[in-house]
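Visitor: Chains as they are written, first to last, in this note's numbering: chain A, 1 to 235; chain R, 1 to 342.
Hint data in this document are derived by calculation from the structure and do not stem from the laboratory. We treat Cβ as the ideally placed atom computed from N, Cα and C, and that holds for glycine. Treat the hints with care, as some may be off.
Pairwise CB distance ranges, derived in the manner of DEER restraints [what the hints assert, rightly or not]:
| id | chain 1 | residue 1 | chain 2 | residue 2 | range |
| --- | --- | --- | --- | --- | --- |
| 1 | R | Ile2 | A | Lys27 | 49 to 59 angstroms |
| 2 | R | Leu199 | A | Leu132 | 42 to 52 angstroms |
| 3 | A | Leu132 | R | Val315 | 49 to 59 angstroms |
| 4 | A | Lys27 | R | Thr12 | 49 to 59 angstroms |
| 5 | R | Phe207 | A | Asp107 | 43 to 53 angstroms |
| 6 | A | Ser53 | R | Phe179 | 56 to 66 angstroms |
| 7 | R | Met142 | A | Lys73 | 25 to 35 angstroms |
| 8 | R | Ile29 | A | Leu132 | 41 to 51 angstroms |
| 9 | A | Lys27 | R | Ser136 | 39 to 49 angstroms |
| 10 | R | Glu11 | A | Phe14 | 34 to 44 angstroms |
Residues from chain A that keep clear of chain R, each with C-beta distances beyond 12 angstroms, as calculated [said to hold, decoys possible]:
| id | residue |
| --- | --- |
| 11 | Gly57 |
| 12 | Lys73 |
| 13 | Ala75 |
| 14 | Ser83 |
| 15 | Glu85 |
| 16 | Ser90 |
| 17 | Glu96 |
| 18 | Lys129 |
| 19 | Ser137 |
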Amino acid sequence: MLLEVKNLDAGYGFLHILRNVSLSVEKGEYVCLVGPNGAGKSTTLKTIAGLISPIGGEVCFDGETISGLAGYKVARRGIAYISEEMNLFSNMTVHENLLMGAYTVRDKQLEKNRLAFVYALFPQLEGRKNQLAGTMSGGERKMLGIGRALMCNPKMLLVDEPSFGLAPLLTEDVFDSLDTLIKEGGTILVVEQNVTKTLDVTDRGYVLEHGRIELEGPSAELARDPHVRKAFLGV
Amino acid sequence: MITEYLKKLYETIRSVAGITVVLAIVVAILSSIFRGPYIIVNTVVTGGMLALMSIGLALVFGVMNVAQFAHGEYFMIGSLTAYYTFIPIERYLGANPNAALSFLAPLVSILAAFCMGALMGVLSEKLIFYNLRKRSRTNWVMNSFLLTVGISVLLVNGHQLIFGTELKGIVRYWTGRPFCIMDVFVSRDRCYAFILSVLVIGLFWLFMKATRTGRAIRAVSQDETGAQMVGIDLSGIQVLTMALSCGLAGIAGASLLFMFPSYPSVGLDPLYMSWFVIILAGMGNVLGAVVGAFMVALLKVLTMEYIGSGWDFVVPTALIMLILIFKPNGIFGSDVRGVLEQ
Numbered sequence: 001m002l003l004e005v006k007n008l009d010a011g012y013g014f015l016h017i018l019r020n021v022s023l024s025v026e027k028g029e030y031v032c033l034v035g036p037n038g039a040g041k042s043t044t045l046k047t048i049a050g051l052i053s054p055i056g057g058e059v060c061f062d063g064e065t066i067s068g069l070a071g072y073k074v075a076r077r078g079i080a081y082i083s084e085e086m087n088l089f090s091n092m093t094v095h096e097n098l099l100m101g102a103y104t105v106r107d108k109q110l111e112k113n114r115l116a117f118v119y120a121l122f123p124q125l126e127g128r129k130n131q132l133a134g135t136m137s138g139g140e141r142k143m144l145g146i147g148r149a150l151m152c153n154p155k156m157l158l159v160d161e162p163s164f165g166l167a168p169l170l171t172e173d174v175f176d177s178l179d180t181l182i183k184e185g186g187t188i189l190v191v192e193q194n195v196t197k198t199l200d201v202t203d204r205g206y207v208l209e210h211g212r213i214e215l216e217g218p219s220a221e222l223a224r225d226p227h228v229r230k231a232f233l234g235v
Numbered sequence: 001m002i003t004e005y006l007k008k009l010y011e012t013i014r015s016v017a018g019i020t021v022v023l024a025i026v027v028a029i030l031s032s033i034f035r036g037p038y039i040i041v042n043t044v045v046t047g048g049m050l051a052l053m054s055i056g057l058a059l060v061f062g063v064m065n066v067a068q069f070a071h072g073e074y075f076m077i078g079s080l081t082a083y084y085t086f087i088p089i090e091r092y093l094g095a096n097p098n099a100a101l102s103f104l105a106p107l108v109s110i111l112a113a114f115c116m117g118a119l120m121g122v123l124s125e126k127l128i129f130y131n132l133r134k135r136s137r138t139n140w141v142m143n144s145f146l147l148t149v150g151i152s153v154l155l156v157n158g159h160q161l162i163f164g165t166e167l168k169g170i171v172r173y174w175t176g177r178p179f180c181i182m183d184v185f186v187s188r189d190r191c192y193a194f195i196l197s198v199l200v201i202g203l204f205w206l207f208m209k210a211t212r213t214g215r216a217i218r219a220v221s222q223d224e225t226g227a228q229m230v231g232i233d234l235s236g237i238q239v240l241t242m243a244l245s246c247g248l249a250g251i252a253g254a255s256l257l258f259m260f261p262s263y264p265s266v267g268l269d270p271l272y273m274s275w276f277v278i279i280l281a282g283m284g285n286v287l288g289a290v291v292g293a294f295m296v297a298l299l300k301v302l303t304m305e306y307i308g309s310g311w312d313f314v315v316p317t318a319l320i321m322l323i324l325i326f327k328p329n330g331i332f333g334s335d336v337r338g339v340l341e342q
């Protein structure tokens, strides 16, 4: 098991959000976490990424406990977190943002390879190399966010709302790029509100409601589940 | 290619920042023609050191969101360290003259001041800001500001308690005839102080632009969460920022020891001046602080020249009020998204 979350409890200050959340992701798997607004999907990712320290429970990555570690240490273990708002460095150029993504990579050759890989995945970014990240459109920012996360050659990606604020066509593009990554052997845990699309592309899914895992199983099965169909798909 | 650059240059000049800078240069040149070139020389020497102070202030505000009001005290620590390093060396030199050492002695003192300033910066971050940050980040700007005022009071009185209130100054660092530049005699100390400030600013700029650590500092100032996401250790960067900022103030204090002898509240004047600069330039804007420093220096020199030396605080303060009313982001705007705007 690459990532294993056991009985996780987390929240902000007095606000207790996640209760007893357990989930796991195998190497090479494409897993989604879906659920209504305010269910705690983003909180789950932030807790795994170390940006929030858990109240209880454990997060194991690659056989080692990582819960309670600071965010930068989790990032150095090989978990790349892509937040909803991207958290780009808006006064740096696209190129500088990508170089910052490789902050933990000491090997110049590897850095070069990763840069080439990202530019091959998102050719639009190469054309805008010297543009400031803050002046780019939503879709390009999303690509840059994913590209920056890929620069450190992560073992796993945590993606929060890849379709957030994007036009449908651009959403397709972003999902296509995640697909490419899976085909190349990557591991992804994605959080989404667009349940139909997500269950369509992922291997396995978890349904989070009111801070608890309500359902889990292969995505195709979840898409057929009466509860999911009623609550999220509107049928 | 060239037309593109010209177009870009033209657009920059047409912006508020461009107009102000061009205006400042024109005023400087005109007043030098009418009153004598010493105006430019004075502006440039004062501006260089002011820039060192302001860079540190802008950096700490940009990276840590701390409104630093103890910055003048690191200037004081720098001048004190330089004094106590330079005097023994000078005494030794009096007994056994040595040309190379007497050229190097001031540099050694300034280096010692940098190290001492940086050390005090690390201590203040580790002992004070780190603990406040760990306890609570609510109302951070106000709380950290009050802490800096506290640090300032502590250091000023600490100086008074340990070293007394008398002026601890030197006549000059470098002996020798003054240099003659554009028919103005400029003392060697002023000349070297300016060269030193240009060198340090240049090195600092290179560090911020071209090195991995420098980029990390900029990254933290632009997005703290994003910086953590790419694996930057925030607390390390915060310690480094504080050390750099206070070290630069120490350099300024040490290189101006011949003008400002060290005494407990010597840092107040440079502190106010550098605050003028970063309000003018935009809080947290490091490059703007360099340009702004020269503009404030020019303003100060011109006020003394045309109105009288008692007015050199009044005119900049009045200008700061106007800026805060009409252009609160400063004329260069700001690169940083501080907690104030979140």
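Visitor: Honestly, which of those hints from before does the structure not fit?
Guide: As far as the earlier hints go, 2, 3, 5, 8, 10, 12, 13, 14, 15, 16, 17 are violated by this structure, in ascending order.
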